[in-house]
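Heads up: the sequence shown is residues 56 to 490, going by the numbering used here.
Since the hints were made in silico from the structure, they are not lab data. What you are looking at is a predicted structure, and each value in this text was computed from that prediction instead of being measured. Among the hints, erroneous ones may be present.
As the list claims (entries may be wrong) - BS3-like, lysine-lysine: derived pairs with alpha carbons at most 27 Å apart:
1) 365 with 320
2) 320 with 94
3) 430 with 400
4) 400 with 297
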Amino acid sequence: MVEQVSTAIISLWGENIAAVSWLADRGYAVFEYEPSFLKKGLDISPIHMSLAEAGQGDGLFSFPTLNQNTFLGLPGLLADALPDKFGNAVIDTWLARNGRSPGSFSPVERLCYTGSRGMGALEFSPPVNKELDNPVPIEVAELVRLAQEITNSRCSLKVDFFGDKGDHEAIMDILRVGTSAGGARPKAIIAMNGNGNVISGQGKAPAGYDHWIVKFDGVSDLEFGKPQGYGRIEYAYYLMAKEAGIEMTECRLLEEHGRAHFLTKRFDRQGNKKIHMQSLCGLAHYDFNMAGSYSYEQAFAVMRRLRLSKAEAAQQYRRMIFNVIARNQDDHTKNIAFLMNQDGKWHLAPAFDMTYSHNPAGIWTNQHQMSINGKRDHFQLDDLTSVGESISLPRPGEIIGEIVDAVRKWPIFAEKAGLNEEKASEISRYHRLDI
Numbered sequence: 056m057v058e059q060v061s062t063a064i065i066s067l068w069g070e071n072i073a074a075v076s077w078l079a080d081r082g083y084a085v086f087e088y089e090p091s092f093l094k095k096g097l098d099i100s101p102i103h104m105s106l107a108e109a110g111q112g113d114g115l116f117s118f119p120t121l122n123q124n125t126f127l128g129l130p131g132l133l134a135d136a137l138p139d140k141f142g143n144a145v146i147d148t149w150l151a152r153n154g155r156s157p158g159s160f161s162p163v164e165r166l167c168y169t170g171s172r173g174m175g176a177l178e179f180s181p182p183v184n185k186e187l188d189n190p191v192p193i194e195v196a197e198l199v200r201l202a203q204e205i206t207n208s209r210c211s212l213k214v215d216f217f218g219d220k221g222d223h224e225a226i227m228d229i230l231r232v233g234t235s236a237g238g239a240r241p242k243a244i245i246a247m248n249g250n251g252n253v254i255s256g257q258g259k260a261p262a263g264y265d266h267w268i269v270k271f272d273g274v275s276d277l278e279f280g281k282p283q284g285y286g287r288i289e290y291a292y293y294l295m296a297k298e299a300g301i302e303m304t305e306c307r308l309l310e311e312h313g314r315a316h317f318l319t320k321r322f323d324r325q326g327n328k329k330i331h332m333q334s335l336c337g338l339a340h341y342d343f344n345m346a347g348s349y350s351y352e353q354a355f356a357v358m359r360r361l362r363l364s365k366a367e368a369a370q371q372y373r374r375m376i377f378n379v380i381a382r383n384q385d386d387h388t389k390n391i392a393f394l395m396n397q398d399g400k401w402h403l404a405p406a407f408d409m410t411y412s413h414n415p416a417g418i419w420t421n422q423h424q425m426s427i428n429g430k431r432d433h434f435q436l437d438d439l440t441s442v443g444e445s446i447s448l449p450r451p452g453e454i455i456g457e458i459v460d461a462v463r464k465w466p467i468f469a470e471k472a473g474l475n476e477e478k479a480s481e482i483s484r485y486h487r488l489d490i
């Protein structure tokens, strides 16, 4: 049985910096900085929980009016540390094994479950499950099978899956690697060495290993093991984004049993050193589930508040244009992130989730998630250049031309990624090359 926890201690780079308590009768959390941390001048949440504001009044922060489905009663700073759909399904599986219903497991307890294994640099105690911290060898094919089981059932695995010791070890494998990264697609946090050996990556990586995220290919809501091709599409888009001058960490394909899993090196790790990370959603409380409620212009305004450089503004503009031309319409506020170093300096994080995402019949990706000049579709050239001019870019038209030139080379990148011609042609029909 998992014991209940109502208060978590939050630490950053080895120092306790804050506490958060869950108010079960009210359905939200209360956050407070450690007094000693206020003197350090590190604004880890400068928009809604700034150090200046913490020094006034009682110093308590709570946000009961934020969307519960997105923030779960937590400040955005902490909601960012929680997993999304797939990771929560994995946690719910673990809860079922340990006699707790998912509804009784509070968001603060989910933070404690994350412990020191989350994205970014924040850590939470007391730990709920220390068994997950040790790096162990991982079989990727087995993780795909387990990911499919969890995707099929979402909340719990079939009863007969819990029976023997071997299955317990398999569950522990996916719990070790599958609960930290956000996003709806099944993915895992791993460490990998130059020989392609894979271990769980939620603790410190041994010498010779780097930290990666792997997005599983061949996991479907309809049937097990059918290679979907998502990995090859995203890898081709990575190659195309690099050609377009977009800054990304190294990405690869990990191929096994006819599947091609997409690997991306983590940018919140330098070796085993952790870097504080916040999404635009978590930092500004721009709810990523509210499609069309926020704009790229607002993202640039947040960047100015963080005192990011003109070069970083130009880089984000380049990403915005790429999303439009290449039809990445899953461009919500969780897909823009910022990093803060130990001196308190903020920077734009490398781009991620730069892939084809367009479903004309869909509810989510039939339009862009963030607007441009008040539009989410049917853009004109003036819509794009006006945003560039608003952030004082000297020649936004040149950037647009460079992106169009890169996307014209899509067939080359699709072939390099091993994507079949039929799928590549289908995607190319939707590229906005005539903007």
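Okay, the hints, checked on the actual structure:
no.	hint	in the structure
1	365 with 320	holds (26 Å)
2	320 with 94	violated (34 Å)
3	430 with 400	violated (33 Å)
4	400 with 297	holds (26 Å)
Against the hints set out earlier in the document, violations occur for numbers 2 and 3.
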